[in-house]
Amino acid sequence: MSDKHDASSVPTTGHVWDDDLGDYINQPPKWWMLGLTVSAIWCVVYWLYYPAFPISNAGYFTKGLGGWTAIGEMEADKSVVDEVRGKWESKLKDLTPAAILADEDLAKYSLASGKVLFGDNCAACHGTNGVGTHDKQGLFAPILTDDDWLYGGSIDAIHETIQGGRQGMMMAHADMLSEAEIDTLANAVAAGKPTSTPLFAEKGCTACHGEDGKGMQAMGSANLTDSVWRFDSSVEGIKYTIKNGVNAGTPETRVAVMPAFQGGKLSDAEIKKLAVYVYKFGGGQAN
Amino acid sequence: MNQEVGKKEPGEVTTLYNEFETWTVNTGGQTIHAKRMPGFFRTFKDRAQLALWLPFFLLPYLRWNDKQAILFDIDHNQFRFFNLTVLPQDIWMLSLVLLVAAMTLFAVTSVASRVWCGYFCFQTAWTDWYTWLEDKIEGNPTARRKLDAAPWTLDKIKKKVIKHFLWILIALLTGISFSIWFVDAFEYWNKLLHFQLPLVGWVTLIMFLFGTYILAGFLREQTCFWLCPYARIQGVMTDKQTILPTYDHTRGEPRGKIRRGGQAVAPQGDCIDCFQCVQVCPTGVDIRNGQQLGCITCGLCIDACDVVMDKIDKPRGLIRYASLDELEGQSAKKLYQHPRTLVYLSIILLAMSGIVWGLTHMGSMTLKIVHERQPLFVQMSDGSIQNKFDFKVLNKTDKNFRVKVTAEGGVKGQVIIGAENNPMTNHGRGTSFTIFVKAPSANILKDVVPIQFRVENVDDPNVFAEYTSKFYGPVK
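Chains as they are written, first to last, in my numbering: chain C, 153 to 439; chain V, 33 to 508.
It is worth saying that the hints were derived from the structure and are not from the lab.
All figures in this text were calculated on a predicted structure; none of them were measured in a lab.
Hints are all accurate, no fakes.
Once the Cα atoms are required to be at most 30 angstroms apart in a straight line, the calculated DSS-like pairs of lysine-lysine come out as:
1. C:Lys260 <-> V:Lys400
2. C:Lys239 <-> V:Lys428
3. V:Lys365 <-> V:Lys272
4. C:Lys267 <-> C:Lys243
5. V:Lys400 <-> C:Lys432
6. V:Lys188 <-> V:Lys178
7. V:Lys424 <-> C:Lys432
8. V:Lys272 <-> V:Lys346
9. C:Lys267 <-> V:Lys400
10. C:Lys432 <-> V:Lys431
Only chain C is shown next, with the shape it has when bound in the complex:
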């Protein structure tokens, strides 16, 4: 490199190290100094405008002159989202779940919205996408993707279930039936033909499960003739259910409780959207 700049004219600080090492007095360029000054002023303004200085360890800090808060910004963003959703939500309010389902656009909106609601409120028991969850006793919460419904698979029935919740109910029969009778019944039920044994009618099973063993949706009794099982489908598992019942008040009994969502965490519109979402899992049935 050629020496373009003549260094000899630049003054030094006067200190000399190692015989010939000096220190030039070279001011930073003007634009650089200007940048520094502006940045410093900017910092002060920023500190004053926004929440900044901590005052104590207890979380107190200066609030800032601009009144900005993170939660305020979040609320503002949310209101933008609410505005976009507004035109759909206002329609949903006055429609029945069946009417929403019939409207292509509204159904799509409900599906998108319902996916989030389901994840937040339902998936803990029913599993992501309604595949059901299991505990050590077998299926803990029903699969929602099939077409077997304890309380009905119409849009209105699903809506009602979410609104009011459900509580299964079956007596414990350990004290009423002999081991042999339980064994016979369990085998018949496991084969999908509960009516093949006269015990089914004699012991009063028909009262809840119906003359044909297909259950009654009005009371939520299971259909014993199809291939979908609420609890364990093995003979042993069925025997356990017959012996200990469902929600029969004993520690051994099977548990089947769904909480009510109306008036609680979810709004009416949200429940409607969820009903549409669950209906669309693939098992929804006509009213």
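Fit chain V to the given chain C structure using the hints.
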């Protein structure tokens, strides 16, 4: 350091520094006022610039079926070219177009040097138009230099105001013309005249306004020297076979001023050192120093030199398009003996066939199917197995239509549920719907079987799309 080298190797090496000293490049300290001389390359440059850039200004106004014929429609995410509509899904073809453009640049450069820079580049073209206006308003280079140095008189102010006004007008028109390639031209003008452009429109316009004004009005050749990457990239694409405007030093040297009425004292070459070649150069370089970064190979020095050669009764072509091989007296090779050019050409051919394949295989509908992952399948109450599929249909035609869904393969006795009403597909954007396939458990022989879906316009069976997915069942 310099001195030390000089001490050790007096002679040859130190002459390198002399060379360095005489190699002058204008770093923007002075404005280049190039002389405009008529000639073959001047005419060629004028026409080439117009041929490429007039369409830039005019084509957006071309209408086709009541729509803009060529439009990179940002609002609707599509590219329209007469009857053809290219949606973002097919935009991979654009990358091939860019590849063709880049390779064409490379190929042309390897054959005939910086043809793009000299005759077509927007920087060269706009600068040329700007300086043409300058020439018309302020006079020839001498007059311009005088005017620049003169005090601010009313006449100077008038000339300058007119010049800058016209420059800004061109810049404004440039910004508008750029914008209307992306939004409807007439709508844009309407919004512009009512000051109702969206923010991004104003920003684009102002950026182009100032960009053009500053780049073509003030930075000019400095852009080619210090800003443009292609100037440098192209430099490495030329080799000894490339033809470029070259000063024939074997003929011209030793140069010397022509003497009135007398013989030269010393033997003299054809170059009479008249500096006409430097005078006309838009980047202000001296071509007699050989090929250099500053030379955009516009050939204007060839025009200038030929005029002078005619005047002094010497043959034309002291400066001419010639390769280094030719100048060194080596036999010129043929084009097919230039492997690099052939590589560029074959890449161009490949890319072009890709574009042709793409255009002919675009289809008017695409189908993507996502099989539900959780659950893979559902057992229904009657024992049958149901699978859920998310269909995403893209209707690339310009009409909405309903589709029917059919399937081949899969499981015997399968039923397709969910398309009974023939879902409506919206043109130009994706439509998604859910399809269930239910099959009797007894017929499911394997846990995974392929199933080919076909989505078809109910009114026109030629408009269809197919996609192969899988049907899942319990492990047997």
